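Engineer: Chain residues, written in single-letter form:
4 protein chains.
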Amino acid sequence: MSKSRLEAFSDGVLAIIITIMVLELKQPHDTSWEAIKPLIPVFVSYAISYTIIGIYWGNHHHLLHTVTKVGSGILWANLHLLFWLSLIPFATAWMGESNFDTTHVVAYACLQCLCGIAYFILLRTIQATNPNNKTLTYALQRQSRKGMLSILVYFIIIPVSFWNTAVSVCLFVLVWIIWWIPDKNIEKALKD
Amino acid sequence: MSKSRLEAFSDGVLAIIITIMVLELKQPHDTSWEAIKPLIPVFVSYAISYTIIGIYWGNHHHLLHTVTKVGSGILWANLHLLFWLSLIPFATAWMGESNFDTTHVVAYACLQCLCGIAYFILLRTIQATNPNNKTLTYALQRQSRKGMLSILVYFIIIPVSFWNTAVSVCLFVLVWIIWWIPDKNIEKALKD
Amino acid sequence: MSKSRLEAFSDGVLAIIITIMVLELKQPHDTSWEAIKPLIPVFVSYAISYTIIGIYWGNHHHLLHTVTKVGSGILWANLHLLFWLSLIPFATAWMGESNFDTTHVVAYACLQCLCGIAYFILLRTIQATNPNNKTLTYALQRQSRKGMLSILVYFIIIPVSFWNTAVSVCLFVLVWIIWWIPDKNIEKALKD
Amino acid sequence: MSKSRLEAFSDGVLAIIITIMVLELKQPHDTSWEAIKPLIPVFVSYAISYTIIGIYWGNHHHLLHTVTKVGSGILWANLHLLFWLSLIPFATAWMGESNFDTTHVVAYACLQCLCGIAYFILLRTIQATNPNNKTLTYALQRQSRKGMLSILVYFIIIPVSFWNTAVSVCLFVLVWIIWWIPDKNIEKALKD
Chain A
25 MSKSRLEAFS
35 DGVLAIIITI
45 MVLELKQPHD
55 TSWEAIKPLI
65 PVFVSYAISY
75 TIIGIYWGNH
85 HHLLHTVTKV
95 GSGILWANLH
105 LLFWLSLIPF
115 ATAWMGESNF
125 DTTHVVAYAC
135 LQCLCGIAYF
145 ILLRTIQATN
155 PNNKTLTYAL
165 QRQSRKGMLS
175 ILVYFIIIPV
185 SFWNTAVSVC
195 LFVLVWIIWW
205 IPDKNIEKAL
215 KD
Chain B
25 MSKSRLEAFS
35 DGVLAIIITI
45 MVLELKQPHD
55 TSWEAIKPLI
65 PVFVSYAISY
75 TIIGIYWGNH
85 HHLLHTVTKV
95 GSGILWANLH
105 LLFWLSLIPF
115 ATAWMGESNF
125 DTTHVVAYAC
135 LQCLCGIAYF
145 ILLRTIQATN
155 PNNKTLTYAL
165 QRQSRKGMLS
175 ILVYFIIIPV
185 SFWNTAVSVC
195 LFVLVWIIWW
205 IPDKNIEKAL
215 KD
Chain C
25 MSKSRLEAFS
35 DGVLAIIITI
45 MVLELKQPHD
55 TSWEAIKPLI
65 PVFVSYAISY
75 TIIGIYWGNH
85 HHLLHTVTKV
95 GSGILWANLH
105 LLFWLSLIPF
115 ATAWMGESNF
125 DTTHVVAYAC
135 LQCLCGIAYF
145 ILLRTIQATN
155 PNNKTLTYAL
165 QRQSRKGMLS
175 ILVYFIIIPV
185 SFWNTAVSVC
195 LFVLVWIIWW
205 IPDKNIEKAL
215 KD
Chain D
25 MSKSRLEAFS
35 DGVLAIIITI
45 MVLELKQPHD
55 TSWEAIKPLI
65 PVFVSYAISY
75 TIIGIYWGNH
85 HHLLHTVTKV
95 GSGILWANLH
105 LLFWLSLIPF
115 ATAWMGESNF
125 DTTHVVAYAC
135 LQCLCGIAYF
145 ILLRTIQATN
155 PNNKTLTYAL
165 QRQSRKGMLS
175 ILVYFIIIPV
185 SFWNTAVSVC
195 LFVLVWIIWW
205 IPDKNIEKAL
215 KD
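Quick note, the sequences are listed as chains A, B, C and D, same order.
In my numbering, each residue carries its 1-based index in the first sequence increased by 24.
In my numbering, each residue carries its 1-based index in the second sequence increased by 24.
In my numbering, each residue carries its 1-based index in the third sequence increased by 24.
In my numbering, each residue carries its 1-based index in the fourth sequence increased by 24.
Since the hints were made in silico from the structure, they are not lab data.
As the structure is a prediction and not an experimental result, all values here were calculated from the model.
Heads up, the beta-carbon is just placed ideally off N, CA and C, and yes, glycines get one too.
Do not rely on the hints blindly, as some may be mistaken.
[Stated by the list, open to error] Over the 12 Å line for every Cβ pair with chain B, so calculated as not near, a few chain C residues:
1. I42
2. P65
3. G82
4. H84
5. S122
6. Q151
7. N157
8. V193
[As the list claims (entries may be wrong)] Beta-carbon label-pair distances, calculated as ranges:
9. B/L198 / A/N156: 31 to 39 Å
10. B/S56 / C/K50: 55 to 63 Å
11. C/S26 / D/I141: 51 to 59 Å
12. D/I141 / A/M172: 19 to 27 Å
For reference, chain A alone in the conformation it holds in the complex:
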């Protein structure tokens, strides 16, 4: 079984998810600059989701690059991940429209937990299908650690949102930082 179609399909779905979120940025019918103001939370919400999906795409790219065997288990684990990711545009629009209302930030964090868990399942399925691939094992260890850490942060966001949603947004940015820093380490490891 070829992994090229798996990559192409995932790229297609991720590209569409990222782009249809923009459809929620509805142009105001007013011609003044003030008309843009209510769009700011929608824009912030879009920027958060765009970056999260960008991170998923980058990691997915790194992960599948070293995979050599693709079975139907991986196909289904991947479809399962894409299912939860496909709900991000809905949660993003809901969070942005209500200007980061507590309920909606909690819903968004819950969805991110589910996406994180689905990514974790994909990692484990890939590991089980490719047990003797050393570069993959190394990448998997790092991604597992980072994955667990970000699921933990999403879990922390849930109670925090009841107290202050601005802190929740900062914690989403923290997840970006978790993923950004060690990416270079994986690349270094792949070079050695």
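Model the placement of chains B, C and D on the given structure of chain A, informed by the hints.
Structural biologist: Then chains B, C and D, alone, in the frame of chain A:
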């Protein structure tokens, strides 16, 4: 003629079909958890269609993987299949919005019959174009059997919906199970 | 310059054009079968455009398959074709919604003329860039002839629509037939 | 790391951006030709954005074609570029709907500046990752010069829009011409 573009185009259309269905999940303007309640049937309807399209994608992937000759017959049979699949977002939204009304479940099951028949035509066209491909013949036999069985279930769903639509939903899940189980057998056969 | 990205981008745009047309098939809020009736012209309009774009995709596929040199002239001629094709969803929705009103059928036929001319320009650009490619020359001759014939039919549809739009729809189906029949001949020629 | 997925993902996002802009061309419910008149600025706005994105796609294609090493820096610089490009449909719709109101043309020009700067960052990141690639260096020099020139024009458009938005539209067309002419020179250079 190359099959890579056929795969790329099909992947593109399937990825878009899967993703535009999410656009029907319209965020409520209320900020309470109760506001999500009317979205539950829309979500269930989306999950059913997502899985069905996922199954089509997986089977399409398995099928084309062993194909060596692609003629214009296959191009058209494939476009014909994508035509009926492209109507799934409409039927899904209609079924979800009305909370699984009898008429809409019947319409959805009829569309699934048409998709199943279109997939069957694609199978036959591929078989006619590649008569001496052994691994393909084996995969085709299995997929034909499963294909006929699922068209049969869709036909049964039509009268059942007039009696109880909850049973219809269970029968849609039965179709998933039909396709999930023997996938591994095909892979085993391909390995031998 | 590689033609794979040109193909991938064209496939992407065509796949999205084909799929966003379905978004015009808006589900009625009524639960009866009669509620579907006003959707019939929208559906017929969608089926016409789906087939026309399917024909463009098939021919584009045949054409680029034999191309060996891709210059920026071809890139721009291709983008020009995709520009007019991208307006088809608008014209389709307009024609379907008004139940094949004369004005809208004329607008649709005019757009098809522009698409046809843009395809013709692409053919000529490819011919100029690849002058010594024999299989390509043969395919180009056939496609030029069919292309001119279909532009002619679209021109005939314009006055015919003022008299009877049902005849116009039949003429659109005639264009399908023009393209369907000789496709097999090209394949035969490519085999020899 | 493979550049094929980077290209595929970028193609996907650009194809969707180009196509969802058409969704703003909403068909009027009237059946007369006059009903199309208010759509003319929306159409002009769409044509401007289509061409700009077409230019970005062409340049992106030229640029990545000569790249041999793709690191995570390039992945992120590319995602950053796609982020600003993904906002073009919003700015296009806003500019078209208000019939080229001063505020909206200024907003559109600002967004184009940001896209231009993001492309510039991508150029520099690619240069830093591939320092000894001669054909790339040549292409980069030309694209840097043209890139800076077009950012300059976008900056000029901002004050000009307060005076006359028709001149702004002409300046957008000037940017097209800047990019169209020297493309052939790059190709010539790549041939030598």
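Engineer: Please write out, lowest number first, the hints stated earlier that are contradicted by the structure.
Structural biologist: 1, 3, 4, 10, 11 and 12
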